[in-house]
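**Student:** Sequence:
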Amino acid sequence: MPRLARLDAPGVLHHIMIQGIERRKIFLKREDYEDFIEHLAILLPDTKTACYAWVLIPNRTTLTFCFALGRSRLLD
20 MPRLARLDAP GVLHHIMIQG IERRKIFLKR EDYEDFIEHL AILLPDTKTA CYAWVLIPNR
80 TTLTFCFALG RSRLLD
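Residue numbers (the numbering used here): 20 to 95.
Keep in mind that the hints are not guaranteed to be accurate.
[Claimed, not checked] When the alpha-carbon atoms are kept at most 20 Å apart in a straight line, the in silico SDA-like pairs for lysine to any residue are as follows: (1) Lys48 <-> Gln38; (2) Lys48 <-> Pro77; (3) Lys67 <-> Val31; (4) Lys44 <-> Asn78.
In short, the hints are calculated from the structure, not lab data. Everything numeric in this text was worked out from a predicted model, so none of it was measured.
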């Protein structure tokens, strides 16, 4: 089934959730958390995206983003 089009409005907050299949862990060790944060630190400025909040727990991640220019390449 095709997904619905994403909202494309600059300045709107987006609640992003990433969860492991069958609630399996997506972060297995401390370095996994650190790598995720390092990648965000690189990608967010490159895509003109602000991250207002994040939660990283072993089986899921929740983030709140605001895209300055509408839909971001970050989600592609």
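**Student:** Determine which of the earlier numbered hints do not hold for this structure and return their numbers in increasing order.
**Tutor:** Violated hints: none at all, because every hint is consistent with the structure.
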